[in-house]
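With the hints as constraints, model all of the structure from the sequences given.
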Amino acid sequence: MRRFILNRTLLAVPTILGVVTLVFFLIHMVPGDPVALMLGDYATKQEITQMRHELNLDKPITDQYLLYMDNLFHGSIGMSLYYQKPVLTIVLHRFVYTFVLALFAMILALLIAIPLGVWSAYKQGTWVDKIIAGISILGISLPNFWIAVILILIFSIKLNLLPVAGAQSPFSILLPGLTLAIGMSAITIRMIRANMITALRHESFTANLAKGISMRRTLFVHALKATLIPVITLVGMQFGLLLSGAIITETVFSWPGMGRLLVESVMTRDYPLLSGTVLVIALVYVTVNLITDVLYYVVEPRMRKTL
Amino acid sequence: MKRMGAGMLLLLVLIGAGIFAPVLSPHNPYRQVLSLSFHEPSVSSPMGRDALGRDILSRVLYGIRTSMLIGFTVVIISLAAGVMIGGTAGYIGGFTDTAFSRIIDILMAFPGLLLSIGIAGIMGPSTLNIIIALCAVGWVGYARYTRAMVMSIKQRDYILSAKAAGKNRFAILFADILPNIVEPLIVEASFGIGIAIVSEASLAFLGLSSPSTPSLGRMLSEAISVINVSPWMALFPGLTLTIIVLLFNDVGERLRKIYER
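Read top to bottom, the protein sequences are chains B and F. With this note's numbering, the residue at position 6 of the first sequence is 16, and numbering never jumps. With this note's numbering, the residue at position 152 of the second sequence is 357, and numbering never jumps.
Computed beta-carbon distance windows for the label pairs:
id, chain 1, residue 1, chain 2, residue 2, range
1, F, Asn373, B, Tyr93, 54 to 60 Å
2, B, Ala220, F, Val218, 54 to 60 Å
3, B, Lys235, F, Ala353, 32 to 38 Å
4, F, Thr301, B, Ile117, 42 to 48 Å
5, B, Thr278, F, Met356, 44 to 50 Å
6, F, Met356, B, Val308, 26 to 32 Å
7, B, His103, F, Phe379, 51 to 57 Å
8, B, Leu67, F, Gly329, 15 to 21 Å
9, B, Leu67, F, Val218, 47 to 53 Å
10, F, Phe300, B, Leu67, 32 to 38 Å
Sample of chain B residues at the chain F side, in silico, Cβ under 8 Å:
id, residue
11, Val40
12, Pro41
13, Pro153
14, Ser254
15, Ile258
16, Met277
17, Leu284
18, Ala292
None of these hints come from the bench; they were simulated from the model. These numbers come from a predicted model, not from an experiment. From the three backbone atoms N, C-alpha and C, an ideal C-beta is built for every residue, glycine too.
Written out as structure tokens, the structure is:
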């Protein structure tokens with residue numbers, strides 16, 4: 011057990027080093043002079059020279075890379091030009107919003123997906139099953155910003171019920187949360203349905219009913235338990251994606267999370283903030299996937315031999 | 206063709222609409238008529254007018270053109286690069302394979318659009334930069350797939366005998382191995398075009414496309430802030446985009462069923 015976790019973590023190290031290196035080179039992809047672009051048209055020569063020195067862009071590239079790595083080990087990923095604060099402080103502050111939104115969307119998605127998935131497996135082949143299948147295919151194909159537009163039109167414009175943007179009111183989370191939950195639940199419904207059908211064919215299902223356990227309990231407690239393991243992996247991966255900043259959704263609803271921060275850093279040409287945010291998001295994603303792997307190993311002893 | 210159903214037909218119509226956008230557009234998509242700004246749908250402008258009084262139908266047609274152009278270009282380049290790299294790594298094995306696999310692992314560590322946004326954000330808004338940003342990420346999936354397929358096929362007897370006969374290894378890779386995986390790659394490419402088109406729309410939505418090129422994603426982002434005044438500005442580009450993506454997914458799904466038979 012401990013060996014497995016250690017192994018997986020060690021395997022992630024070269025990937026993380028690669029990610030860090032790639033992000034380091036991002037800022038060198040700026041066409042022309044990044045400093046001149048950041049400072050705009052009215053910058054003096056002296057300001058440009060000073061900024062280049064501050065960002066270490068006047069040193070040879072190998073020195074820059076070593077300095078970058080050194081700073082990283084000391085927990086610094088640069089200073090934001092726009093906010094004049096360490097990038098890490100800003101990103102961590104925004105991470106809280108992203109985390110809350112991701113958690114809310116995941117719970118909402120499961121509340122939609124579990125009953126619909128179980129129901130459509132139970133009614134396999136009937137019109138109920140077909141309608142749910144149709145809805146989930148639609149949910150997978152719809153781009154996030156299109157779902158967002160429709161939700162805004164219905165709930166904010168037509169019904170005038172919910173706020174469109176920001177995070178001031180506690181209701182603000184509903185529309186972005188629902189936007190993310192729709193796509194996520196669509197995939198999860200399919201997964202639950204497929205696994206549930208196998209579980210319903212198993213003899214223990216009939217045995218439980220014969221023992222006099224109610225249908226609802228048999229379906230939602232006994233049969234559902236058997237479907238949980240593959241669903242955990244899927245939900246874990248989806249949660250990783252959500253946690254890495256639902257960039258489009260956060261932008262549409264002006265939700266102040268990491269995804270929105272990334273877009274803001276593009277708009278303000280704040281390159282240290284941009285590359286820092288990309289780095290943190292990628293690291294969060296790698297970590298969540300690692301945790302999902304380990305969780306899977308913990309709940310599914312049969313997998314231990316093959317991994 | 207019959208088994209491809211109405212989806213393929215509709216898709217061809219949309220591709221045609223993109224190609225012939227300059228002929229089909231009722232108005233000049235760039236011409237601003239400020240007296241007509243936010244004009245609702247009418248006979249002369251069936252999809253209405255936007256904030257600057259530009260005809261939305263004409264802009265949607267040009268937007269389809271942009272979507273298709275970027276979607277096909279990105280997939281063709283990504284596919285070619287992915288098959289070359291994945292095929293070579295899978296066939297040669299050893300150090301080459303390890304090195305490429307590491308690079309693929311690193312690129313897979315960036316979720317969704319993150320790296321594309323990073324690259325396009327750094328390089329500045331233009332159509333070419335969007336294509337570069339999407340290709341930089343797009344080839345990875347094809348490379349992984351090709352590598353896995355090549356590794357399984359290269360153990361087969363007829364490949365071993367070709368090797369024993371002294372055939373050049375690149376000749377084996379391109380003439381004997383790759384033709385076996387053309388069909389699944391076409392399926393992947395069909396889904397890939399849909400994904401590339403949504404990605405382009407997303408980047409344009411975030412303001413990373415060239416402001417002068419009509420794009421469905423950019424039209425949507427311009428529409429969001431005035432959605433209570435003129436919902437049609439958001440509805441028509443959004444609906445068009447959704448239909449295009451649904452059609453590419455449908456065609457991919459049908460192709461998969463035909464090939465699996």
